[in-house]
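Q: Chains as they are written, first to last, in this note's numbering: chain Y, 31 to 441; chain B, 64 to 352; chain F, 667 to 990.
Wrong hints could be hidden among the right ones.
[Unchecked claim] If you want a taste of the chain F side facing chain B, the calculated C-beta under 7 Å gives, among others:
1) 692
2) 953
3) 964
Since the hints were made in silico from the structure, they are not lab data. The C-beta atom is built at its ideal place from N, Cα and C for all residues, glycine as well.
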Amino acid sequence: MRSTKLVLLALVLCLALSSPALAKVHITFWHAMGAELGEAVDYLTQKFNEEQDEIFVESIYQGRYSDLNTKLVASFSAGTSPTIAQVYENWTDAYYRYGVIVPLEDYMDLTEEEYNDYIEVFRHMNTWDGKLYTIPFNKSNWVMYYNKELIPEPPKTLDEFFQIAKEVSEKTGGETRGFGIRPTLELFHAFLWLNGGDFFDEDLNVTFDGPEGKLALQQMIAMLEDGSALQIDGYEDGAFGDRMIAMYIGSSAGITYAENSVGGKFEFSTTPLPAGVRPGAPFMGTNIAMFASASEEERQAAAKFVKWLTNTENTVYFAIKTGYLPVTYSGLDHPEYVAWLEANPHKAAIANREAFEFGYWQPKIAAWEECRGIIYEMVTKVFLGEDIDLALAEGRMLVEEAIQEMLSERF
Amino acid sequence: MARYEMLAEDQQWRYRLSHFIKRFFLYAVLIGGALIMITPFVWMLSSSLKAPHEISLKYIKWLPESPQWQNYKIAWEAAPFAMYFKNSFFIATVCMLIEVTFSSLAAYAFAKMNFFGKNVLFVLFLGTMMIPGEVMLIPNYMTMVNFGWIDTYYALIVPWTVSVFSIFLLRQFFMSIPHELFEAAVLDGCSKFRYLLTVMLPLSKPALATVMLFKFIGSWNAFLWVLIMTNTPRMRTIPVGLTYFVSDVGAQYNYLMAASTFAMAPILILFLLLQKQFIQGIARTGLKG
Amino acid sequence: MLRIPAEMKRKKYWKETLEAYLYLLPAFVILGMFSFYPVVKSVIISFYDWHLLRKEQYFVGLENYQKLLSDKTFLMAISNTFRYVVGFVPISICLSLIIAVLLNNKIKGRGLLRLAYFLPWVTSSVAISMVWRWIYNQHYGLLNMALAELAQFVNKLVELATLGNVAQIWEFTNINWLMEPRWTIINVVIISVWKSIGYYVVIFLAGLQNVPTELYEAAEVDGATAWQSFWRITLPLISPTTFFISIIAIIGAFKLFTEIYVLYTGNPGPLSSGLTIVYYVYRNAFQRYRMGYASAAAYILFAIIFVFTLIQMYASRRRVHYEG
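Same shape as in the complex, but just chain Y:
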């Protein structure tokens, strides 16, 4: 039975391929989604391929993000770029500067309504030159994970947060520390933002060395010094599951890892970051970009696919399947998604509607990878005992150099 079906299928396929009238537009989609995440991507592309007969999308797993990046870089030189791929904003900025990508919005025929349906933060993150160059795809935000056994009521403000962290450490005699700190850029950014600062102003002038940045570093150091926080290395979820720390700030995309590490040893939940002088919700993740090497026909086809991929139904499917966020308001409000959040109360914070109002993101500039490294080292230096003012001044100087170098690059 089965084999006859296969033969028939093969015949049909041969016919389909040999008849020029049915020639489909073939587009390729490179991504870095492995395992279950990859299954969700493959499921969606397959569904798209079955739903219509003009376009064939091939989704290809290209390793982790760093591998995908290497592969993309190699493909530019050889002229073998895919039609579309997952990209980070700093990659987009570099691609944009050198004309490697074309704005997806130009090909998507978005109505006013459709345009506004993309969540505002994500629109900001994807806009260059007043256009949606890229379309948000797998977005996540950073939330506070906390141990419900030790912290029944999560902190709402920074002051409460410091208080609770200290109490936990004292209550457990240091066995469990209130908070887990890594000298990462993301953590520094969180404190910086909550204190009212950011890395740059709108004209790319360095601002992280201001009073907010100083306060952020002081707060982190103070937490380590009075024992309310523990400095850890490796993924935070492991230390959290081992009850070494009672709170940490981490990506919502990592929630399944936290579930695994905790393994029912205690109850945990997530909450938005505690508010300082202002609330904040850091957003991360990648977007989809379309490459200039694609033909007009391929661009149209790819835009159709991307539009379809981020429509309400599919963004909800992807969000529920993977733990990433829906990228549209209609997705957030979709009854299926709302029901899923209600069924998983510990995930509620990841789609907290208010958080989207206070969203922030890392600078979307080509030199960001370099600046990241510099700022990371600056924070490390402070952790190792260097004077905060000195470290900030040096960090500022190096970041300015990197930005200058980026701007002076030949085109």
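On the provided structure of chain Y, position chains B and F as indicated by the hints.
A: Okay, now just chains B and F, sitting in the frame of chain Y:
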């Protein structure tokens, strides 16, 4: 033991005691060292059988509460490992066989022949090892695109069929086989090629085994090259499958360790099979005296 | 005037040259396509301001090289790399030679012992980095626990010896091995020595099979100790292997990158204390798209290794004994 028989009885006793003490230390050192070497491997095995929450680096547990054998099944099904295994096995075997042939030929020329440009050429060969692969990756990728070799076994095999490492190692071994033997054989009318087959190669079994083992492992573990040169799962190999379990925000360590365990099993088997070749010390005896 | 060696004139020499090239042909073709060609290409690239995202590239002559030699980060990468090479090469060669000699004894279960020493080379690098991160952990790591015990023991000993007059000569506080820059290279040396011992042991063992056992027996009859046999028989007879390993080890050590990348999970260690030349090459090529700059850095590395290798080849000319 020649000396032993010449000793008087009380001396024999002392000899035996010192022999015993030496043996004891030998075993102690070797077993102690071995324990240090295998620790991560043991951790890998035990983690592969754990539930995710048991994988803790604070409270290291060397045994899982109850072994989760299904981890292996789940890991196996998480990526098309059956196909990856087939590919890895094919690519590594072919690479190994061609490479050992090509390297033997080249090493033979470097070791036993006297020709124009020999030293310059050898240094030139060695020089290719001194350049980081990172700067050669893109030019090589472009070559593959021009050849139309992307997504074919050619791209995964052909560039790796020669390694300077192997040529150099075999050259060192070939050179230590007495030259008079070579001259005598050539005088007797033995062709150079026959001499290589019937004398050099059999005498260099330990080196050949080493070269083959390393090539197989290198091929088996190659990751970036395979990823760059292929676009379809049909052409990919085991290391690509291993990346499925790691993301930028966390890792599924139990599945990753299970997959890593079955991924390295063939290497261990090959090691044990070639093991006998490493200790064929008899080969050289009788040649010199 | 160049004096033409007598043998060159001989037909035989040229016949042999032709034959030799025939043997070298496969290696030549493959290396030509996939090593020499990309090398030439990237040498050319190193003279350009070559941006991987840009259509046009600009010739800049030696500017990349000049810039590199005054680039503080690059100079730091060179110094980090050197410190690693100096630590790694002698330790790994000595240790693996000792272990190979010990493993070459007729002992029970040596097959399994050999496998044990070889395991680190093939164990999953994620497992290796996890376990080593545990060993190095500041709070509950094995290394700090062991040092604390040792400190306590030493203090006890001194206290007893001085009849209680001196206490606490060694005040041990947990060291943050992975966060303090001064430990980075040492950490990586330890791990990579541990990892590569088995690899070199396999090569040494192959070399040791070249030593005829009769020689040892004869030496024993002559009353030589095991120590003397080692220096007078083993060492000279395996000198081709030792020479090979020392060249390979130096080349490999200068190209250090993956070990750092894995141990410090995608970072060059605290304050770039583990930033090596190849790490710098990778970063410039694939994260900053500056292929010209990266290629120039790669060729400075090449020049360094090349000089070292030539020195080694020259210095070992008299010390390496082929043909027994």
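Q: Confirm or reject each hint.
A: Now the hints, each set against the structure:
no.: 1; hint: 692; result: holds (4 Å)
no.: 2; hint: 953; result: violated (11 Å)
no.: 3; hint: 964; result: holds (4 Å)
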